[in-house]
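S.K.: These protein sequence lines are chains L and F, in that order.
Using this note's numbering, the first residue of the first sequence is number 1, and each one after it goes up by one.
Using this note's numbering, the first residue of the second sequence is number 1, and each one after it goes up by one.
Careful: at least some of the hints might be erroneous.
Chain F residues, not near chain L, derived (Cβ > 12 angstroms throughout) [as the list claims (entries may be wrong)]:
hint	residue
1	I24
2	L25
3	A34
4	A68
5	G116
6	A132
7	A137
Among chain F residues calculated to face chain L with C-beta under 7 angstroms, some are [unchecked claim]:
hint	residue
8	A26
9	S35
10	L36
11	A40
12	L56
13	A142
In short, the hints are calculated from the structure, not lab data.
We put the CB at the ideal spot given by N, CA and C, even for glycine.
Spelled out, the chains give:
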Amino acid sequence: MAYVAVKGGEAAIDAAHAWLAEERRGDPALPELTVEQIGQQLGLAVDRVMAEGACHDRGLAALAIKQARGDLIEAAFLLRAYRTTLPRFAGSEPLDTGAMRIRRRISATYKDLPGGQVLGPTFDYTHRLLDFALAAAGEPPPPAPQAAAEAASMPRVTGILAQEGLMQAEAASDAPPPDLTREPLAFPAERPLRLQALARGDEGFLLALGYSTQRGYGNAHPFVGEIRMGEVAVEITPPELGFAIEIGDLTVTECQMVNQFAGSKTEPPQFTRGYGLVFGHAERKAMAMALVDRALRGAELGEEADAPAQSQEFVLYHCDNVEATGFVEHLKLPHYVDFQSELEKIRQLRATALREAAE
Amino acid sequence: MSLAADAPNPAPTASAARRCWMGILARASRAEIASLLQAAPPLPAHRRLRGPETGLVMARGRQGGDGAPFNLGELTVTRCSITLDDGTVGHAYVAGRDAGQAEIAAVLDAALQDPGRQASLLAAVIEPLAAAQAARAARDAARAAATRVQFFTMATMR
């Protein structure tokens with residue numbers, strides 16, 4: 001695995017980076033993108049970089065996207081690197097997603113639920129036809145319609161099921177959660193640690209794994225109990241104050257996936273949940289996370305667990321795209337000495353094989 | 001700090017009021033606060049005790065929405081602590097990286113603790129900010145309400 005230090009590339013590297021800067025800027029006859037434009041008009045890319053960079057800051061994420069020329073994994077890497085330069089002031093109180101200011105909330109299990117089906121700004125029901133009107137700069141769209149907002153509460157679907165005793169309750173706990181930014185992953189990983197890893201995991205990887213559970217690799221029977229997206233307040237309790245204060249709002253997407261559970265020796269048949277919570281408007285990621293979270297609970301629920309999505313080590317060791325990038329891309333680094341030894345070995349083996357064939 | 005010296009047990013209401021204005025200042029931009037301050041009585045002189053400095057807060061969720069806490073991810077936060085000449089200390093923690101916002105919020109936190117300034121600053125700064133934030137939230141709620149599905153139930157043939 002060792003690679004050797006090689007000197008002599010400085011001028012080439014400088015020239016390569018100068019070219020990179022020129023490519024990043026593109027045709028100078030066109031106006032330069034501003035970070036604010038990226039934040040406003042490529043908002044979902046910003047959300048994804050914040051989620052996978054595990055650092056919520058729209059301005060930094062937009063800057064990272066600009067610097068990375070739109071390569072979102074590279075941008076997440078930049079954001080992760082930046083966060084290591086900052087001190088940690090505090091951990092927040094757990095976000096109260098039940099008190100979310102809802103922009104979107106849908107349920108696939110109940111049509112008429114309190115608070116209703118609120119579509120919000122969604123791609124659903126669009127026809128996925130390219131809109132050439134967007135290719136020509138034009139007037140901003142008319143303002144979205146408004147309607148009288150009822151003060152109806154938006155109870156969680158899992159709460160509705162729990163009232164009937166049909167939903168496995170979450171154990172009430174305020175235990176300080178493990179933090180994989182401080183302690184390396186260890187197995188078996190408790191669910192809070194798994195959820196942290198999934199929340200910052202690669203959307204594509206988790207999407208594929210979640211899909212695999214639906215196709216038979218993991219025996220899932222999921223329903224979207226609820227997806228909600230909107231703003232939640234972030235609270236901390238600074239020691240110098242001694243009481244909790246709100247430091248701002250976060251947009252998050254939450255998915256409660258409801259799954260059948262046939263029961264075990266200790267638990268009656270009931271529904272169990274897979275849970276997804278992601279920074280920003282990130283519905284696909286939240287759903288994929290919820291599917292994989294439920295799959296990873298197989299062992300604790302006494303289910304057969306032999307599919308990839310049910311393997312903690314397989315999922316958690318491979319879901320981080322910054323780590324994965326590091327190890328895959330390190331193959332580009334000089335391996336001249338390793339390869340020299342491989343070359344000599346292959347030459348010897350070939351010589352031996354050819355000699356034996358000739359005899 | 002000065003409040004604690006004045007009153008025997010001011011903690012519940014005083015801290016509830018501080019919590020309220022600190023939350024409003026945390027959601028306001030520096031420009032919004034500065035423009036409202038133009039019409040407010042001038043702020044007292046202050047001295048920095050700490051910061052403004054930017055760091056991180058680890059945002060936590062709960063598994064299943066209501067279970068054990070887990071670490072969701074961090075957000076950038078800027079904090080500042082200042083003192084006025086009379087010894088009153090003001091603190092601010094605001095999401096984001098705006099040092100100017102954090103410092104002015106800390107000064108306002110200290111000034112708002114002074115009973116002589118509180119009413120005028122609440123009226124000139126905090127209440128208009130709260131109204132603007134409530135209006136933004138109401139606009140989002142109204143847009144969400146317009147996307148609420150109104151199901152038609154088909155009359156069934158019997």
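S.K.: Compare the structure with each hint and give your call.
M.R.: Going down the list of hints, with the structure as the test:
I24(F), annotated as away from the interface, has a beta carbon of chain L within 12 angstroms; the closest lies near 9 angstroms. Taking the minimum C-beta to C-beta distance to chain L, about 10 angstroms, the non-interface status of L25(F) is violated against the 12 angstroms cut. Annotated as non-interface, A34(F) keeps its C-beta farther than 12 angstroms from every C-beta of chain L; the closest such distance is 18 angstroms. Some Cβ of chain L comes within 12 angstroms of the Cβ of A68(F); the nearest lies about 4 angstroms off, and the non-interface call is violated.
Non-interface status of G116(F) relative to chain L is upheld: no Cβ of that chain comes within 12 angstroms, the nearest being about 22 angstroms off. With a closest Cβ-Cβ approach of about 14 angstroms to chain L, A132(F) is found to remain outside the 12 angstroms limit, as its non-interface label requires. Distance check on A137(F): its Cβ comes as close as 6 angstroms (rounded) to a Cβ of chain L, failing to clear the 12 angstroms threshold; non-interface status is violated. The criterion of a C-beta within 7 angstroms of any C-beta in chain L is met by A26(F), whose closest approach is roughly 5 angstroms, and the hint holds.
Restraint check, S35(F) versus chain L: the minimum CB separation of about 20 angstroms is more than 7 angstroms; hint violated. Nearest Cβ of chain L to the Cβ of L36(F): about 19 angstroms, over the 7 angstroms cut. The hint is violated. For A40(F), the shortest C-beta to C-beta distance to chain L is roughly 22 angstroms, which exceeds 7 angstroms, and the interface hint is violated. The interface hint given for L56(F) is met, as the beta carbon of that residue sits about 5 angstroms from the closest beta carbon of chain L, less than 7 angstroms.
Interface hint status for A142(F): upheld, as the beta-carbon distance to the closest one in chain L is roughly 4 angstroms, under 7 angstroms.
Of the numbered hints listed earlier, those contradicted by the structure are 1, 2, 4, 7, 9, 10, 11.
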